[in-house]
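> Here's the letter readout for the chains.
Protein chains: 2
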Amino acid sequence: MSDADVVKSTIENLEFFSKLDESEKERILKNSIIKTYSKNQILYDHNSECLGMVVPLSGTIRVTMASENGKEINLYTLEQGDVDVLSASCVINQISFDTVMIAEDNCDVIIIPAIVVSEVQKKNIYLHSYILEIAANRFSDVMWTMQQILFMRIDQRIAIFLLDEYVKSHKNVMIKVTQEEIAKNINSAREVVTRILKRMSADDVIEIRRGKVIIKDIDYIKNLAIAD
Amino acid sequence: MSDADVVKSTIENLEFFSKLDESEKERILKNSIIKTYSKNQILYDHNSECLGMVVPLSGTIRVTMASENGKEINLYTLEQGDVDVLSASCVINQISFDTVMIAEDNCDVIIIPAIVVSEVQKKNIYLHSYILEIAANRFSDVMWTMQQILFMRIDQRIAIFLLDEYVKSHKNVMIKVTQEEIAKNINSAREVVTRILKRMSADDVIEIRRGKVIIKDIDYIKNLAIAD
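Keeping their order, the protein sequence lines are chains A and B.
Here this note's numbering is used: the first residue of the first sequence is 1, the next is one more, and so on.
Here this note's numbering is used: the first residue of the second sequence is 1, the next is one more, and so on.
Derived from the structure by calculation, the hints contain no laboratory data.
Treat the hints with caution; some may be incorrect.
Copies of the same chain look alike in the list, so a pair counts if it fits in one copy or across any two.
[Stated by the list, open to error] Below, simulated DSS-like cross-link-like pairs (lysine-lysine); rule was C-alpha separation at most 25 angstroms, straight line:
#1 Lys30 / Lys71
#2 Lys19 / Lys122
#3 Lys19 / Lys123
#4 Lys122 / Lys176
#5 Lys71 / Lys222
#6 Lys222 / Lys19
#7 Lys71 / Lys35
Extracted from the complex, chain A is given alone in its bound form (with noise of 0.2 angstroms):
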């Protein structure tokens, strides 16, 4: 399929293609995009031009937080079948935050320019209010994350992120990630991790390797995954 198809028939199967006009439909077609990211590349910062509308085709998307000194929390990843607007910010007049979008490896990913989107949606109250109904989705996201940064114990969320991997995998016990992505993807610092990850194997629940870790009582991190 060329681009353009590719663009057709993933922007036509989005929840508000439908309830556009003929010429909304064609200015959205017309103007958006294939851009290939490669690993670790920012898509959109404080520093960037309003991104637009992000739909993902390949690889997986970081979106973090950043503090003005370099601290940083991610927030939520977007992967295939996840559309995004956080990165046209400047046309949700409600949302007064920035956001950085990182690609983890990588990506393919469909741009619906935010000027397009942003005259499109102030016409269309439909497209305006699925704008609103994606950033409300990404209000739940925020809202896990943070309940597990503020309220929950590092083994627990060390669990729950080897309890996704696990299902992500369709039931691989072998998790290739190093202690370095954990720390990164639950919000902590590598040596917590390596700490927690050490008394895990000792208790003979994982197994640790170079660049993986090995599943070995997937009950013990079940349970731990959703304990209150």
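Fit chain B to the known structure of chain A by using the hints.
Then chain B, alone, in the frame of chain A:
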């Protein structure tokens, strides 16, 4: 004015109202009520039925996130002029988290019941989109709180709190507040707040009295509040 008149004049001024048809207007006005809550009374939590849209007429409402083991984080507060919809989260499919609403002092609040909001917003895209706009406002409030908790030093968070109170009271340097209340407001412990206030007092920036903090050096407080 009668309760019905207050309800009518307040709700008629909300942005979505003019976009409703006559029967929708009537349905909302007929079913909305003024409820009075006393200090520390819970308006809404995960045990309550879905409340509805909340429009404070007087008093202050604290909105928090509670962990299952009783820890609590202040997310934002509501006062006259605000509208909130997280207490009607059952009507917003995208919102999957629970908040708790507590009367900070005696409050009069207009409640547009969830069932009415739900029915009207399903037919009327303008109300649907208004609700999501309010949710996006709260998203911004929560991100601001998250930034403070995760990125800012306690002394800066205290300075922001004191400056807010100073501005709210039209530049009165005498802030009526206990150390316990400051701690609650900035999501910290009383002991920590006491330590910082003592240091500020030793530096002659503030004076501590029973149930009061007097700002002696407003420029210092301003600079600390806006520091990077």
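> Would you mind marking each hint as holding or not holding in the structure?
Hints and how they fare:
1. Lys30 / Lys71: Result: close neither inside a copy nor across copies, 39 angstroms intra and 51 angstroms inter.
2. Lys19 / Lys122: both (14 angstroms within a copy, 16 angstroms between copies)
3. Lys19 / Lys123: both (12 angstroms within a copy, 15 angstroms between copies)
4. Lys122 / Lys176: The answer is neither: 45 angstroms in one copy and 45 angstroms across copies each exceed 25 angstroms.
5. Lys71 / Lys222: Intra 31 angstroms, inter 23 angstroms, cutoff 25 angstroms: inter-copy only.
6. Lys222 / Lys19: Neither: 43 angstroms inside a chain and 49 angstroms across chains, both beyond 25 angstroms.
7. Lys71 / Lys35: neither (28 angstroms within a copy, 44 angstroms between copies)
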